[in-house]
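**Q** Residue numbers (the working numbering), protein chains in the order written: chain A, 1 to 142; chain B, 1 to 149.
Some hints could be false.
Below, a list of computed lysine-lysine pairs in the DSSO-like style, where the Cα atoms sit at most 27 Å apart [to be verified]:
1) A/87 with B/141
2) A/108 with A/130
3) A/27 with B/141
Just some of the chain A residues that point at chain B, by a computed CB distance under 10 Å [to be verified]:
4) 48
5) 61
6) 82
None of these hints come from the bench; they were simulated from the model. We treat Cβ as the ideally placed atom computed from N, Cα and C, and that holds for glycine.
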Amino acid sequence: MIKFADVAKGDELPAQTFPIRRVDLVKYAGASGDFNPIHWNERFAQSVGLPDVIAHGMFTMAEAVRLVTDWCGDPGMVVEYSVRFTKPVVVPDGVAEDSGARLTVTGKVGAVNEDGTVRVDLTAVSADEKVLGMARAVVRLP
Amino acid sequence: MALDAGYKGRTYPPTAVYEVGREKIREFADAIGDPNPVYRDPAVAQDLGHRDVLAPPTFPIVITWPAALLIINDPELGMDFSRVLHADQRFVYARPIYADDQLTATVVIEDVSERMGQGFLTTRTDLATVDGEHVVSGFSKLVVVGEQP
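Here chain A stands alone, though its shape is the one from the complex (with noise of 0.2 Å):
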């Protein structure tokens, strides 16, 4: 497990690449309860001006601090974690593996505080764009 004493500014986390296909939409409205149609229904999310389905951005936000969740082995000591909503992740149709779309997150180190305390600073991109502004998650180390 990372110390605080072994962390430095400017450290990078391992990056991580998450699919993201219409299945993952459904379970993830199922489980959070989040059935807005945008995020399942291609007809209802062009009507209102997207160019397909899009992911809950609660999802994206799930899947980025599984970076530092991953990196500093216990949830458990994030105590700060947040986001903007900068543009929307597509997800096109379709039922195979590598349908869908991809969403990679990198991260690095902040900010060391004389708290005890890191901030990492992450970055989540879906086809070449940042969907993810501002996105800080704060860990305290042992």
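Since chain A is already given, all that's left is putting chain B on it; use the hints.
**A** Just chain B, lined up with the frame of chain A:
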């Protein structure tokens, strides 16, 4: 005008008790595709010093979002849900949510404003145990697009 600055500070009564449960946490972890055993196996969670399986960091939205709908559906504010966009989300954790938690949500309008024909609303939802222990606060910034000034 719907989103009047006078609504800043308005607090809604606590919601009914939400019983978390191990299976709900497992379902949520499955839905975000996270195989981390700390969300499923009490022994793994206890090895890390936790009393029970814990919920992923974004799990509080399952409880805070319906609570925030109290505001969106408040007839006095007159918001049109179909024009509400989730612009920004922040969680501040006192501790993780555990499977044996029984939580209530209290929603406050943190800030409200209108500019350039759009309404901006920031809600804060505090989750606390039925014994009054504060667990996590969720802050959601909502944008109401196309509001008439």
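**Q** Next, verify each hint and record whether it holds.
**A** The hints, checked one at a time:
For the suggested pair residue 87 of chain A and residue 141 of chain B, the alpha carbons sit about 15 Å apart, so the restraint of at most 27 Å is met. As the CA atoms of residue 108 of chain A and residue 130 of chain A are separated by approximately 16 Å, the hinted pair is consistent with the 27 Å bound. Of the pairs offered as hints, the one joining residue 27 of chain A and residue 141 of chain B holds, with about 25 Å between alpha carbons and a cut-off of 27 Å not exceeded. Restraint check, residue 48 of chain A versus chain B: the minimum CB separation of about 8 Å is within 10 Å; hint holds.
Of the supplied interface hints, the one on residue 61 of chain A holds, with its beta-carbon coming within about 5 Å of a beta-carbon of chain B, less than 10 Å. Annotation: interface hint on residue 82 of chain A holds; nearest CB of chain B at approximately 4 Å, less than 10 Å.
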